[in-house]
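S.K.: As they're listed, the protein sequences go chains A and B. Per the numbering used here, the first sequence starts with residue 1, numbered consecutively. Per the numbering used here, the second sequence starts with residue 1001, numbered consecutively.
Not everything, but these chain A residues come out facing chain B in the computed CB check (under 10 Å):
1) G17
2) C41
3) C171
4) G175
5) F178
6) L189
7) D191
8) N192
9) R219
Derived DSS-like pairs (lysine-lysine); straight-line CA-CA distance at most 27 Å:
10) K1374(B) - K1029(B)
11) K1383(B) - K99(A)
12) K1029(B) - K1009(B)
13) K1031(B) - K1020(B)
14) K1434(B) - K229(A)
15) K1434(B) - K227(A)
Hints are computed from structural coordinates only; laboratory data are not their basis. Note that the Cβ used here is the ideal one computed from N, Cα and C, for glycine as well.
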Amino acid sequence: MRVALFVTCLADLMRPGVAFAALRLLEHGGCTVEVPDTQTCCGQPAYNSGDRATAMALAKKVIGEFEGFDYVVAPSGSCGGMIRAHYPELFRDDPALQKRAEALAARTYELTDFLVNILKLDGVPGDFAGTVTYHDSCSGLRELGVKAQPRALLAKLPGVKLVEMDEAETCCGFGGTFSLKFGEVSTQLADNKCGNACATGADAIVGGDLGCLLNIEGRLRRRGDMKTKVLHIAEVLAGRSD
Amino acid sequence: MELRSNEFKPRAAANLLDEKLQRGLGLIKVKAVVNRASAVAEFGDFESLREVGKDIRDRALADLDLYLERFEREATARGAVVHWAENASEACRIIVQIARDNGVKKAAKSKSMVSEEIGLNDALIEAGVEVIETDLGEYILQINDAEPPSHIVMPVIHKTAEDVADLFHEKHGTPRKTDPAALTREAREILRPQFLSADMGISGANFIVAETGSTLIVTNEGNGRLCTTLPRLHVALTGIEKVVQTLEDASVLLRLLPRSATGQAITNYVSVHTGPKRLEESDGPQQFHIVLVDNGRSKLLAGDMREMLRCIRCGACMNHCPVYQAVGGHAYGWVYPGPMGNILTPSYVGLENAVALPNAATMCNQCGVVCPVKIPLPDLMRKLREEQMARGLKPWAERLGLALWGWAAQQPALYALGTRIAVRVMKWMGGSEKLIHRLPFVSGWTDGRDFPAPEGQTFRELCRARRTNELPPAAGGREPGGGRDARPESQPQNSAAKVTIDAHIAAHPTACSRSATGSRKNASAPAPRRSPARWRSCPPCRRCRAPWRATWSRTTCPPAASSGPACASSTGSAPASAWKTARRAATTSSASPAVSAPSPKPAR
Ligand code: SF4
Chain A
1 MRVALFVTCL
11 ADLMRPGVAF
21 AALRLLEHGG
31 CTVEVPDTQT
41 CCGQPAYNSG
51 DRATAMALAK
61 KVIGEFEGFD
71 YVVAPSGSCG
81 GMIRAHYPEL
91 FRDDPALQKR
101 AEALAARTYE
111 LTDFLVNILK
121 LDGVPGDFAG
131 TVTYHDSCSG
141 LRELGVKAQP
151 RALLAKLPGV
161 KLVEMDEAET
171 CCGFGGTFSL
181 KFGEVSTQLA
191 DNKCGNACAT
201 GADAIVGGDL
211 GCLLNIEGRL
221 RRRGDMKTKV
231 LHIAEVLAGR
241 SD
Chain B
1001 MELRSNEFKP
1011 RAAANLLDEK
1021 LQRGLGLIKV
1031 KAVVNRASAV
1041 AEFGDFESLR
1051 EVGKDIRDRA
1061 LADLDLYLER
1071 FEREATARGA
1081 VVHWAENASE
1091 ACRIIVQIAR
1101 DNGVKKAAKS
1111 KSMVSEEIGL
1121 NDALIEAGVE
1131 VIETDLGEYI
1141 LQINDAEPPS
1151 HIVMPVIHKT
1161 AEDVADLFHE
1171 KHGTPRKTDP
1181 AALTREAREI
1191 LRPQFLSADM
1201 GISGANFIVA
1211 ETGSTLIVTN
1221 EGNGRLCTTL
1231 PRLHVALTGI
1241 EKVVQTLEDA
1251 SVLLRLLPRS
1261 ATGQAITNYV
1271 SVHTGPKRLE
1281 ESDGPQQFHI
1291 VLVDNGRSKL
1301 LAGDMREMLR
1311 CIRCGACMNH
1321 CPVYQAVGGH
1331 AYGWVYPGPM
1341 GNILTPSYVG
1351 LENAVALPNA
1361 ATMCNQCGVV
1371 CPVKIPLPDL
1381 MRKLREEQMA
1391 RGLKPWAERL
1401 GLALWGWAAQ
1411 QPALYALGTR
1421 IAVRVMKWMG
1431 GSEKLIHRLP
1441 FVSGWTDGRD
1451 FPAPEGQTFR
1461 ELCRARRTNE
1471 LPPAAGGREP
1481 GGGRDARPES
1491 QPQNSAAKVT
1501 IDAHIAAHPT
1511 ACSRSATGSR
1521 KNASAPAPRR
1531 SPARWRSCPP
1541 CRRCRAPWRA
1551 TWSRTTCPPA
1561 ASSGPACASS
1571 TGSAPASAWK
1581 TARRAATTSS
1591 ASPAVSAPSP
1601 KPAR
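Make the full structure from the sequences, and use the hints.
M.R.: Laid out in structure tokens, this is it:
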């Protein structure tokens, strides 16, 4: 099974460890993983900012880079959702490209969704021990139906205890460029999220999207909490959770 | 209603700091969100009901003209008078004229958002008509110097019982009381005589029914029924999009509306008004006027925002919107707040007059999944953003930033260089704390949050570095117990780079659960003994099936060398130079990302 890893720009820039962890998990599941070298961004920031032309150019690039694989997996519901839920619409006026976009969309998965529903992993290599609480990122949850998958995988780690926070499905306030344009509102939402997460007393806040995680971590640290870890689910499952 | 939508940002920021307001807004989650969730769960297959509701509204909109004409015919045949208003001022003029013609001195109103939209109260007051709001929430706002509502269903959700207690004490001159029941009783005592003395009752309409020419309202306080039956005139005011084909259709929407709005299975009152009082009837108005307002709706019908006309004004989108929950309805600066307002306000008053609104959402789609008629609210907001982009209504800095970033992201080499520099600078800025407290151009982030610093190297860079600079530690040697035959495996010949987790271990020697020495068998230091259990959990090399090797393998077998390494041991005793040649061949081809396509397997 040839699987292409869509690294995502945030993992590429901010947390390479997340991409390595995703790689490890996919290989653990027996995939031949490839990382197309010229990949940059799925185009979502442009798409959500109303810059359709740039979004289309980047989507075309992604389609060209990734359409030859059996599957495309992204350690992010947001980028995965962009490809799965929005690429076909993006090319509504270009039937040929739309067909290619649809084909790619049908093979694109968010990491935990892929591990659970395609690879049907029996176990995961991580050895994290502690209490965690899981933040459901909006795109993964509402565009791709990622809810039970990360929880099922966490349950495979004997040392992990999952404590659900209140409003786990409520947006953390990141929203891409929203976090910059409406800083005060975004911060407030991040603060609500931190409050709910910390109320569980968990050692780590875990999520599937780096955007949300950086937002939550940023607020958490500004609130003075230097202790609670903020981890990507791939890091927990693959064993990078120092 | 005064339009202040372009002040969204400062007003939102101020509202976040308003503790009293925040206390009031807290109730939305407790009341509306929780109640809707349990009503939906109790109903069962609410999803199918939403689907049916969507179809009903789409059907009505598809032949809107026909249904409106039918409505007019049926209503007229039953003695009502139907008026058509193209815009707000025409609607006001029509109602003022009805009042004048009939010597109306006092009008009792039940809640109508369209009346807020067209500014009816001001028009009537100017014409010398006393207007009494009889919905408790609207009444509270009216006596508070005609404060605008902050929610379309719960207009005073921004006020606490304490606020109302102070207000009643001040305006009514009665002893201050905080018990909500007592406050309601006080308001009722003041309002009852008003219904009896009003000449005109004004209501909205949740739906208008084409087959019977009826208007329909749902209320909980019963004031709507009093307004529409006691005064001698009844004026029902609503938008042209509210038409449905049949009473049956209306009954489906009645299952959706209260559940979505307040979590009720049905409201306390559902009133269907069909014509004025007939001779044989004892109650009802002598005249029944229906004012149908366009005010921009037909423009929507022909455009990208058409789906917004399905809206049945339940307020679920705002109840569930994290932004609305945080800043309240007044920040939106016009009649319709929250996600539906982010679309309706710019659509009705002009995109340039509500520039912030389509952007004032995180696109979390919480609104879209609760909307009873399945309006894809985030998609519509995105379309408005596209229109803003096309019309140059976005700030230049945003446009420039997007253009630069978008261009760079299409130049992989340049992008790689730029990001390599950026992550180094930012790592340095993060210092030992690994947190950036201030960042130029993005104070929106750093004013309230730290920015976690990057690790200092990009993933692609780490990949590339290992691919081009490192030989696998075991490339020339043999693993203890190695020397197995490389398993023939058909490998696609492409250039994409592949790294194994060992690369990650090399990058984070202490971070991984297994240490580098633990997995690198032929490192010069003697490898510590592995526990068998641990060993088993290691993923096998995909070629030789041996557990993890100290390897840095190419993604694929280089085309030139079938003996190219998958892991160190699977190459057997291939001399290092052969490996190098193979690697060079592959590295060269890796400049192009072309990938030979296997037959696609649609996943689901
Ligand atoms: S947009 Fe949907 S959720 Fe919002 S008020 Fe209208 S019908 Fe209700």
